[in-house]
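Counting from 1, one number per residue, gives the positions in the sequence shown under the UniProt record's numbering.
Just so you know, the hints here were simulated from the structure itself, not pulled from any lab data.
Quick caveat: nothing in here was measured; it's all calculated off a predicted structure.
For every residue, glycine included, the Cβ atom is placed at its ideal position computed from N, Cα and C.
Be a bit skeptical, because a hint or two may be false.
[Said to hold, decoys possible] Restricting the straight-line Cα-Cα distance to at most 30 Å, the calculated cross-link-like pairs of lysine-lysine (DSBU-like) are:
| id | residue 1 | residue 2 |
| --- | --- | --- |
| 1 | K67 | K184 |
| 2 | K201 | K184 |
| 3 | K76 | K184 |
| 4 | K201 | K153 |
| 5 | K184 | K153 |
| 6 | K67 | K92 |
| 7 | K117 | K67 |
| 8 | K270 | K184 |
| 9 | K153 | K67 |
| 10 | K76 | K117 |
| 11 | K76 | K92 |
| 12 | K76 | K270 |
| 13 | K67 | K270 |
| 14 | K153 | K117 |
| 15 | K92 | K117 |
[What the hints assert, rightly or not] Computed spacing ranges between beta-carbons, pair by pair:
| id | residue 1 | residue 2 | range |
| --- | --- | --- | --- |
| 16 | A35 | L80 | 22 to 30 Å |
| 17 | P34 | D280 | 42 to 50 Å |
| 18 | K201 | A35 | 36 to 44 Å |
| 19 | G150 | G177 | 26 to 34 Å |
| 20 | R208 | P277 | 26 to 34 Å |
| 21 | R12 | Q295 | 29 to 37 Å |
| 22 | L74 | P10 | 42 to 50 Å |
| 23 | R208 | G150 | 29 to 37 Å |
| 24 | R12 | P312 | 29 to 37 Å |
| 25 | R120 | R176 | 22 to 30 Å |
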Amino acid sequence: MSDPQTVSVPGRIMSAEMAEQPAVLQRILDEGAPAIREIAAQIAARNPRFVLLTARGTSDNAALYAKYLIEVLLGKPAGLTSMSTTTAYGAKPDLTDCLVITVSQSGGSPDLVASTKAAREAGAITLAVTNNAASPLAEVSEFHIDVLAGPEKALPATKTYTAELLALYLFVEGLRGGDGSAAKALPELAAGILARQGEVKDLAERYRFAQRLVITSRGYGYPTAREAALKLMETTYIPASPFSGADLLHGPLAMVDNVSPVIAIVPDGKGGEALQPVLDRLRGRGADLVVIGQQDQVDAASAGFALPAGVPQEVQPILEILPLQLLAYEVTIARGQDPDAPRALAKVTETH
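Could you put together the complete structure from these sequences and hints?
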């Protein structure tokens, strides 16, 4: 008879790693925050004039979140890099007094390492944000932040993503001399959301036979829309198109009809206010609209998942993604697939 401990249960690893997230968030606040503040203080003293963010995949969505933080909270210009300009075309931009932040779970992708090395040689202040302090990326960077998520074995990144978000928030807070107090309640709030998995399982039935999905948000919620689409595509194999609400109105709205499934992440704050005209248009087209947001927004939609009220808007993405991770997991299980090991994917993607 086989040992029950060795029997592979579909989704067992992803489920366990999602459940670790409250503890990971608490670990960062307790153990990681002092080091992050010290690095932020050293970089702030050098007063970088511009920030460039470099990443791939899930970490690219975390980098986009950091871009919003930097522009909104610091008032500094920030951009996402196109690594091929350096790695493929051999461009040599002058990066004097620029801060280049490279975000990577493994810190092992050759293009991330090469572009960071080139940025440092071009005069940039370089910071790596990884889950591996011994990685090649950490070695070539001047500064390094360990997100302290612990080993992640499931192919879909869950705990490393929320760990990256929190680490980046605390870093940006450190740059402006803030205390990061907006994040203190996150571990407890995250645990409360994850305990509501039964609600998400019911919601997942809507998408078991879906052929495509549209996911939309604005502001701080837009990186969440992109990450939710990535999680759903890599686990369920359902094509999911993420759009800024503003971009959705500029043409793609035409593909939405009265049977189109749309998921809207509605932030509580400026982003949610900016998204309201889009929600009105979607409702007007009869879309099957599911909302991740405040209870009043959920009540006005076809269905949804209510998030805790009173959370500062700059840290809401750390909570917004949790029901969407659970949704990807539950839809994948309902479709008879294993979310731990999506086809054709590897944990470390070695792009050049």
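Evaluated hints:
no., hint, result
1, K67 - K184, "holds, 22 Å"
2, K201 - K184, "holds, 28 Å"
3, K76 - K184, "holds, 25 Å"
4, K201 - K153, "holds, 23 Å"
5, K184 - K153, "holds, 27 Å"
6, K67 - K92, "holds, 23 Å"
7, K117 - K67, "holds, 21 Å"
8, K270 - K184, "holds, 22 Å"
9, K153 - K67, "holds, 28 Å"
10, K76 - K117, "holds, 23 Å"
11, K76 - K92, "holds, 23 Å"
12, K76 - K270, "holds, 19 Å"
13, K67 - K270, "holds, 16 Å"
14, K153 - K117, "holds, 28 Å"
15, K92 - K117, "holds, 12 Å"
16, A35 - L80: 22 to 30 Å, "holds, 25 Å"
17, P34 - D280: 42 to 50 Å, "holds, 46 Å"
18, K201 - A35: 36 to 44 Å, "holds, 38 Å"
19, G150 - G177: 26 to 34 Å, "holds, 30 Å"
20, R208 - P277: 26 to 34 Å, "holds, 31 Å"
21, R12 - Q295: 29 to 37 Å, "holds, 32 Å"
22, L74 - P10: 42 to 50 Å, "holds, 43 Å"
23, R208 - G150: 29 to 37 Å, "holds, 32 Å"
24, R12 - P312: 29 to 37 Å, "holds, 34 Å"
25, R120 - R176: 22 to 30 Å, "holds, 24 Å"
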